[in-house]
Amino acid sequence: MNEDLWAPHERGRATIFAVLVMGAMLWPLRQHLRPTERRVDGFPLSYYPMFSKRRRQHAHVVYAVGILADDSRRRLRHSVLGSGGLNQVRHQLYRVAITEDHAQQYADALAPRLAANPSCDDLVRVEIVRGEFDLDTCLLDHQVEGTETVLATADIPRDPVAPVVVESAERTPA
Amino acid sequence: MSSVRRAVSAPAARLGLVRALVGGYTLVYLARRRKMLRKVVRTDPAMFAPVGPVRALRRPVPAPVADALNDATLVSTALFTLGAGHRLIGPLHSALLSWTLSYRNSWSMIFHTDNALVVHTLVLGASRAADAVSADALLARGPQPAAHPRYHWPLRLMNASTTAVYLLSGVSKVARADGWSWATGDSLRRQVAIDGVRKEVFGSHAAPTAYALYRHKALFTLFAVGSLILELGAPLSLLGRRFGRLWAVSWFGMHWGIRAIMGIKFRYQMSGVAFAAWFDVERLLELARRTR
Chain A
1 MNEDLWAPHE RGRATIFAVL VMGAMLWPLR QHLRPTERRV DGFPLSYYPM
51 FSKRRRQHAH VVYAVGILAD DSRRRLRHSV LGSGGLNQVR HQLYRVAITE
101 DHAQQYADAL APRLAANPSC DDLVRVEIVR GEFDLDTCLL DHQVEGTETV
151 LATADIPRDP VAPVVVESAE RTPA
Chain B
1001 MSSVRRAVSA PAARLGLVRA LVGGYTLVYL ARRRKMLRKV VRTDPAMFAP
1051 VGPVRALRRP VPAPVADALN DATLVSTALF TLGAGHRLIG PLHSALLSWT
1101 LSYRNSWSMI FHTDNALVVH TLVLGASRAA DAVSADALLA RGPQPAAHPR
1151 YHWPLRLMNA STTAVYLLSG VSKVARADGW SWATGDSLRR QVAIDGVRKE
1201 VFGSHAAPTA YALYRHKALF TLFAVGSLIL ELGAPLSLLG RRFGRLWAVS
1251 WFGMHWGIRA IMGIKFRYQM SGVAFAAWFD VERLLELARR TR
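Here the protein sequences come in this chain order: A and B.
Heads up: the first sequence at position 12 corresponds to 12 in the numbering used here, and the numbers run straight through without jumps.
Heads up: the second sequence at position 133 corresponds to 1133 in the numbering used here, and the numbers run straight through without jumps.
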C-alpha cells in the first residue's frame, strides 16, 4: 500500500470527528445568551462562569468556626469538614447553608464528627458563620478579619462511651 | 513529498510521544489521588450534582462500583501510556477518564483544570496515536511509518481545543454586564483577594505574593490586558507554528505566575504536557538515542 494514501473513509471520519469536537467545545458559548440565573456550567464542556462574576470590594464567605472552652475561636480547616479539597468543601458548605438553608443540619451533623477528631479535642462548640470581608483591608493590612453572622451552632458531644462509626467521619453532612 | 503535504504531515513518533506524555501525566495524577477519590465517592449523596456523562445518573453509584471504575481507569491509563491495544484501549480509556473525572466533579464543585486533559485524551484515543512509541509498534516490528497527515490532524485538533478553552475564558470575561471593564484589572485583583480570604478562613494560607502585589493596581491592569490578549487572540495561534509555540510558552509561564500569585495549580498546564502538541517532541527521542 502506498504510505501516502489515506485508508478508505479515514479522512472523512477525521473531519467529522474534528468538527464535532470543536463544535462541542464551543457549544457552551450559548450560555452567555441566557439570563444569568438560568446558565448551567458543565464538565468537560464549560463556559467558565467564574470569570463572569463581578467582584466587589466586600465579599461574603461561609465557613465553620470551632469554639474553645475559654470562648476563643478557631476557624476549622477544610479537611476537617469534608474530603475533596478546599474548594469542594467550600462549595458544599455554601450549598447546604445558603442555597438550601440547612445550616443547622450541617452543624448538627458536623458536631459529632468533630468529637471523633483528635485535632478538635479542645473544641466545645461549632458555629457555621457567614463572614463579610473588606478585601482591601484584608490584603493590605495582611489581616483576614471580617464581620461574622452566626447561621447555626451546635455543641460538640463529649460522651466518652459514645461509639463513633468510622465511615461517618468520611461523609460530608447535609 | 510536496511542501504543502509536508506542512500538514507529522511523524508518527510525534503523536506517539504526545500520547505517552499525556498518558504518563494522567497516570501520576490519578494514582496520587486514588485515596482522595475513594473518599469523595463516599460523600453524602445529597451533595451529588452530576455533570457531563454522569448526568445520566439520578443518584450516585454504590461506592465499591465507583472505586472499581476509578481503578479500571488507572489500568486503562497505564495501557494507554504504553500504547498497548490502542484501537480498543484508546476509546475505552478516553471514556473511562471522562467518566472518572466527571464523577469526581459531580459533588457540587467543578474543577475546570481538567477540561483540556479530557478533550486531549478523547482526541488521542480516537486517532492512530500508537503507530509509534508504543507497545503496539514494538510488537508489529515493522518499519517506522512515514510522516502523514493522519498523525498531524490529532495534534492540530488538540491545539485547537486548547485554544478554545482559553477563548471561552476570555469571552466569559468580556461578556459580563460591565463588558470590557475586566481589562482594568480590578476584577482580577479582587479575584486574587477573595481567593486568598477563602484560603485563610478554611485553614490554609493565601500566597504571600498575593499580599505583596495587591497594592500594585497597575500590575493587575497589565496582567488583565495580557491575559485578555492571549485568550481572545488564542485562535490566531493556530495560523502559524512559531506563533503557536510562542502562545503556548506564554501560557505555560502565565500558569506558573497564577501559581505564584494565587496558589492555584493548573497541574496539566504547568507540567507543560498540555502544550506538547505544539512542539516537535519526537526530537527528544533522537536526543535520548544520541546520548545513550
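Just so you know, the hints here were simulated from the structure itself, not pulled from any lab data.
You may find that some hints are simply not true.
Here are some of the chain B residues that sit facing chain A, going by a computed Cβ distance under 8 Å [as the list claims (entries may be wrong)]:
#: 1; residue: F1048
#: 2; residue: P1064
#: 3; residue: D1067
#: 4; residue: M1109
#: 5; residue: T1113
#: 6; residue: S1161
#: 7; residue: S1169
#: 8; residue: G1179
#: 9; residue: H1216
#: 10; residue: L1228
#: 11; residue: I1229
#: 12; residue: L1230
#: 13; residue: E1286
With a straight-line Cα cutoff of 25 Å, these simulated DMTMM-like cross-link-like pairs (lysine to aspartate or glutamate) come out [as the list claims (entries may be wrong)]:
#: 14; chain 1: A; residue 1: K53; chain 2: B; residue 2: E1200
#: 15; chain 1: B; residue 1: K1265; chain 2: B; residue 2: E1286
#: 16; chain 1: B; residue 1: K1217; chain 2: A; residue 2: E145
#: 17; chain 1: B; residue 1: K1039; chain 2: A; residue 2: E100
#: 18; chain 1: A; residue 1: K53; chain 2: B; residue 2: D1178
#: 19; chain 1: B; residue 1: K1217; chain 2: A; residue 2: D134
#: 20; chain 1: B; residue 1: K1217; chain 2: A; residue 2: D136
#: 21; chain 1: B; residue 1: K1265; chain 2: A; residue 2: E100
#: 22; chain 1: B; residue 1: K1039; chain 2: A; residue 2: D136
#: 23; chain 1: A; residue 1: K53; chain 2: A; residue 2: D134
#: 24; chain 1: B; residue 1: K1217; chain 2: A; residue 2: D41
Idealized CB from N, CA, C, for every residue including glycine.
Going through the numbered hints above, which ones does this structure break? Give me the numbers in ascending order.
Of the numbered hints, 1, 2, 3, 5, 8, 9, 10, 11, 12, 13, 15, 21, 22 and 24 do not hold.
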